[in-house]
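Throw the hints in and build the complete structure from the sequences for me.
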Amino acid sequence: MASPAEIERKVRQLDNDVQSIYELLATIDATQKRQGNRLNEIATAQAEHGEKLDAILELLRGDQSK
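According to my numbering, the stretch in the sequence shown is residues 255 to 320, in order.
Keep in mind the hints are simulated off the structure, nothing from the lab.
A hint or two may mislead.
Said to hold, decoys possible - Per label pair, the in silico range of CB-to-CB distance:
| hint | residue 1 | residue 2 | range |
| --- | --- | --- | --- |
| 1 | Ile296 | Arg263 | 45 to 51 angstroms |
| 2 | Ala280 | Asp308 | 39 to 45 angstroms |
| 3 | Gly290 | Ile310 | 28 to 34 angstroms |
This one's a predicted model, so the numbers in the text were calculated from it and none came from an experiment.
Idealized CB from N, CA, C, for every residue including glycine.
Structure, rendered in structure tokens:
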């Protein structure tokens, strides 16, 4: 049977493991938020590029009809 000292050591180790897991989850959460923000920036830039391309195509098609 495990001694009280062994049980206490195991409980401390499990507590440390839980704390490490929470730290990893916090790191993952922060990374996902940064990536989400970056994806939003990219989506905005793509939308702007799409609008510019549409305007260019409109100008080109307008010139062709003359």
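* Asked: Could one say that the CB atoms of Ile296 and Arg263 fall in the range 45 to 51 angstroms?
  -> Distance hint for Ile296, Arg263 holds at roughly 49 angstroms.
* Distance restraint hint 28 to 34 angstroms, applied to the beta-carbon atoms of Gly290 and Ile310 -> holds, 31 angstroms
* To do: Kindly confirm whether 39 to 45 angstroms is satisfied by the beta carbon distance between Ala280 and Asp308.
  => Holds, at about 42 angstroms.
Figure legend: structure checked against the earlier numbered hints; every hint is met.
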